[in-house]
Amino acid sequence: MTKSITIRLGERTYDLTTDSTEEELVNVLNQIQTQYSQIKNAVQDAQTDEILIVMLANALLDKLRYERAISRMVSKFNESASKRVVK
Numbered sequence: 001m002t003k004s005i006t007i008r009l010g011e012r013t014y015d016l017t018t019d020s021t022e023e024e025l026v027n028v029l030n031q032i033q034t035q036y037s038q039i040k041n042a043v044q045d046a047q048t049d050e051i052l053i054v055m056l057a058n059a060l061l062d063k064l065r066y067e068r069a070i071s072r073m074v075s076k077f078n079e080s081a082s083k084r085v086v087k
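In terms of the working numbering, the sequence shown has 58 at position 58, counting the first letter as 1, and numbering is strictly consecutive.
These are computed hints drawn from the structure, not numbers from a lab.
Glycine included, every Cβ here is placed at the ideal spot set by N, Cα and C.
Among the clues, some could well be false.
Unchecked claim - Using 30 Å as the maximum straight-line C-alpha spacing, the simulated DSSO-like pairs for lysine-lysine come out as follows:
(1) Lys63 to Lys3
(2) Lys40 to Lys76
(3) Lys63 to Lys76
(4) Lys40 to Lys63
As the list claims (entries may be wrong) - If you anchor each label on the Cβ, the simulated ranges turn out as follows:
(5) Ser80 to Asp15: 45 to 53 Å
(6) Ser82 to Ile53: 39 to 47 Å
(7) Met73 to Glu11: 13 to 21 Å
(8) Glu11 to Leu61: 23 to 31 Å
(9) Lys63 to Glu22: 35 to 43 Å
(10) Leu16 to Gln44: 34 to 42 Å
(11) Ile53 to Asp15: 33 to 41 Å
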């Protein structure tokens with residue numbers, strides 16, 4: 001079931017729709033607000049849109065790192081599994 005939520009970052013308010021669980025939603029909103037605050041404190045004259053772009057770029061970089069790590073683990077697993085089958 002989808003829910004509508006509102007999040008306020010700086011001077012702007014964003015309305016979002018999600019089908020996430022309450023626990024997932026709280027976790028994500030807390031992370032967004034924490035990251036936003038950290039970047040805003042580090043670069044006080046940064047605009048909300050600039051901060052959101054940095055956050056998006058960081059999230060995409062993390063996603064790529066996770067994908068590479070998973071790919072390496074799958075390769076190692078497959079290699080190990082194929083060695084066991086050969087014996």
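* Which earlier hints turn out false for this structure, listed by number in ascending order? -> As far as the earlier hints go, 2, 7, 9, 10, 11 are violated by this structure, in ascending order.
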